[in-house]
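> When you get a sec, could you build the whole thing from the sequences and use the hints?
Same order as they appear, the protein sequences are chains L and G.
For the first sequence, position 182 matches number 182 in this note's numbering, and the numbering has no gaps at all.
For the second sequence, position 186 matches number 186 in this note's numbering, and the numbering has no gaps at all.
To be clear, the hints were calculated from the coordinates, so they are not data collected in a lab.
From a predicted model like this one, the values you see are computed outputs, not experimental measurements.
Built from N, CA and C at the ideal position, the CB exists for glycine as well.
Careful, some of the hints might be misleading.
[Unchecked claim] Per the computed footprint, the stretches of chain L lying under chain G, defined by three or more beta-carbons under 8 Å from a beta-carbon of chain G, are:
1. 33-40
2. 192-202
[What the hints assert, rightly or not] Over the 12 Å line for every Cβ pair with chain G, so calculated as not near, a few chain L residues:
3. Pro4
4. Asp9
5. Lys53
6. Ile65
7. Glu66
8. Gly68
9. Val134
10. Met166
11. Leu184
12. Asp185
13. Val188
14. Pro237
15. Pro280
16. Thr297
17. Pro324
18. Asp325
[What the hints assert, rightly or not] Chain L is faced by these chain G residues, among others (derived, beta-carbon under 10 Å):
19. Gly125
20. Arg127
21. Glu129
22. Val133
23. Ser215
24. Asp220
25. Tyr221
26. Leu224
27. His239
28. Leu246
29. Arg319
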Amino acid sequence: MRTPVLEIDRLDLGYATRAGTAAALRDVSLSVAAGESVGIVGESGCGKSTLLKAVMGVMPPNATIETGAIRFMGTDLVTAGPEVWRRARWSGIAMIAQSALNALNPVKRVSAQIAEAIRAHEDWPRDKLRARIVELFEMVGVDPARIDDFPHQFSGGMRQRVLIAMALALRPPVLLADEPTTALDVIVQNQIFRRLDALRKELGFAMLLVTHDLGLVIENCERIVVMYGGMIVEAGPTAQVIGASGHPYTLGLYNALPRLGAGVEPISIPGRPPDLVAPPPGCRFAGRCPFAQPRCTTAPPLNRLGADHVARCHRSDEMAVLRPDARLAETWERGAPVPDTIDTGSIEGI
Amino acid sequence: MGRFVLRRLLHMAITFFAMITLMFFLFRMLPGDPTATVISPALDADARAAMQARFGLDRPLIEQYFVYLASLARLDFGLSFRTSRPVWELIELRLVNTLLLILPSMIAAYVIGAIGGALMAWYRGGRAEGSLVLAATALQSAPVFWLGMLAILVFSIWLDWFPTGHIVTPGRFPEPSWRMYLTLDFLHHLALPFLVNTLYNLCFPLLLMRSTMLSTIGEDYVELARMKGLRERQVLYGHAMRNSLLPLATTLPMILGWSVAGSVVIETVFSWPGLGLLMIEGITRSDYPVVQGAFLLIAVLTILGTFVADLLYGLLDPRIVYR
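Put into structure tokens, the structure is as follows:
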């Protein structure tokens with residue numbers, strides 16, 4: 001196995017809310033090897049964006065890292081102090097922000113915005129800075145004559161490219177991408193991902209892509225991490241996670257994927273994500289899982305299904321048997337077994 | 001940009017013209033005969049007619065209006081009824097006095113307000129911040145003459161730190177001259193009205209900046225700035241505060257107008273010999289040419305301030321395209 005550049009180790013993160021502490025991340029462990037592309041998928045509110053913000057060290061003021069480590073090149077950023085973390089940002093771990101529309105400061109020239117990112121870490125003379133910005137624009141396919149334009153002068157797709165150029169400014173070994181193409185149409189989205197893939201092969205950075213779009217991850221990532229309710233429920237090489245899923249939620253996500261011409265209608269997973277302030281005991285997915293059993297009210301173990309493939313489910317070894325059932329819409333419409341057949345406790349946290 | 005400035009200048013000229021016209025006729029619509037103080041009704045009819053002819057008052061109003069316009073173009077504001085000296089002579093130093101009080105206190109109010117409001121939002125939630133918001137709101141609602149009188153009571157009468165009014169110690173300069181601005185005595189007299197005016201004008205930019213900053217802090221580009229590894233100070237001043245300045249610039253003309261108009265009050269409280277006080281003096285003595293001249297200049301200051309604020313806004317926000 002390649003050496004990890006980024007290692008998240010048993011991370012617990014909570015948000016202080018009026019109702020109590022929301023357990024936004026629980027026992028999240030993840031390692032990203034140099035040059036690898038990893039995709040994190042899950043519904044809104046599953047903690048995937050929180051995880052990226054935690055790695056960048058820019059959590060909102062009410063968030064606290066309770067336990068765990070975030071190691072970049074072996075250094076734990078959580079305990080190393082804010083200045084070490086600040087230095088690691090962008091030069092070590094850069095980010096392609098979610099919203100190309102709002103991530104650029106509207107009143108500053110894009111060249112100035114890229115330059116300030118570089119100058120926050122390195123002391124370069126002006127002409128070297130400008131040469132680098134021109135080079136970056138060429139790299140992402142935007143006319144270098146436009147480096148001194150303001151953000152509103154670019155189209156959405158070009159702004160996203162500018163953000164990628166900005167992220168690559170200091171040749172970071174790790175690139176995080178949070179839904180980098182949600183605001184763009186599919187054609188531009190495709191162009192952006194092809195460009196990102198080519199750049200990754202050329203420059204050798206590792207990419208951690210966060211999205212709710214499983215299809216995007218299947219196409220672009222070597223490994224998949226599936227998150228649900230602040231926990232990793234399944235992780236492994238793309239082929240194994242998709243071909244031999246070890247968690248009902250992964251199967252549900254795959255069912256929900258629209259497929260052209262296959263004659264299969266997408267199946268949605270009924271119900272809502274769990275309340276993170278008072279999460280259900282045991283498996284957080286049990287309240288929506290058609291395969292839930294009484295034992296699902298106890299915490300499921302992280303089962304090892306392959307060399308690099310894990311799933312957090314009591315029944316992950318039975319998945320081969322359950323899979324045909326999981327492809328049927330009726331199974332999901334039926335939902336979780338009614339509470340008098342199993343005791344699911346305070347599912348949904350009501 | 002050049003074309004915009006030209007067009008804006010043209011607008012300004014039209015505004016000036018409308019204002020001058022309005023003022024000319026307003027003053028002639030005043031109840032009572034404003035000329036009565038100069039041309040005594042006790043005089044016999046022939047003598048009065050002769051006097052009126054000398055002032056041109058026998059001619060039709062519209063003709064008087066064009067004569068007035070022509071004189072204004074030569075900076076001729078007419079003669080004071082009381083002193084019979086040119087109004088411009090009276091106004092000249094008064095204008096300087098007003099500007100010396102209003103401009104520095106406006107600049108101070110905006111600079112302190114912008115930085116203070118930004119810091120309040122940055123360190124929001126603390127007890128100190130809560131009390132500051134309360135204090136600013138209270139201060140903003142207090143009438144400025146009351147604040148001024150309170151300040152005189154505390155700092156002039158009780159503590160005896162500052163004089164109660166005037167621009168220099170009375171009697172020190174028998175004739176007002178430029179030299180008086182170069183004395184410490186002048187600064188000593190300026191301090192209290194400057195402080196009161198600054199404090200009063202400070203509240204609005206402070207509270208506005210704070211609320212704008214609170215929403216700017218949550219913007220994606222502020223988060224991205226932090227992700228880029230910028231130091232907190234750079235994120236605060238370079239991004240969050242920089243972008244929150246825009247609404248402040250929009251409200252600048254309005255506040256400038258208030259402040260210039262408010263100079264009437266503050267100058268009266270502090271016996272500050274500026275345009276505002278001149279106007280009050282003119283009104284009580286029925287010296288209409290003086291009042292009209294002071295009115296005109298206060299309006300000119302407001303219009304000029306608006307023009308500057310417009311240009312400033314364009315400099316702050318590149319999305320504003322001048323056409």
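> If a hint holds in the structure, say so; if it does not, say that too.
Outcome of the hint check:
no.	hint	result
1	33-40	violated (count 0)
2	192-202	violated (count 0)
3	Pro4	21 Å, holds
4	Asp9	22 Å, holds
5	Lys53	8 Å, violated
6	Ile65	16 Å, holds
7	Glu66	22 Å, holds
8	Gly68	20 Å, holds
9	Val134	19 Å, holds
10	Met166	8 Å, violated
11	Leu184	16 Å, holds
12	Asp185	20 Å, holds
13	Val188	19 Å, holds
14	Pro237	29 Å, holds
15	Pro280	31 Å, holds
16	Thr297	38 Å, holds
17	Pro324	44 Å, holds
18	Asp325	43 Å, holds
19	Gly125	8 Å, holds
20	Arg127	16 Å, violated
21	Glu129	14 Å, violated
22	Val133	19 Å, violated
23	Ser215	12 Å, violated
24	Asp220	4 Å, holds
25	Tyr221	4 Å, holds
26	Leu224	5 Å, holds
27	His239	6 Å, holds
28	Leu246	8 Å, holds
29	Arg319	5 Å, holds
In this structure, the hints that do not hold are numbers 1, 2, 5, 10, 20, 21, 22 and 23, in rising order.
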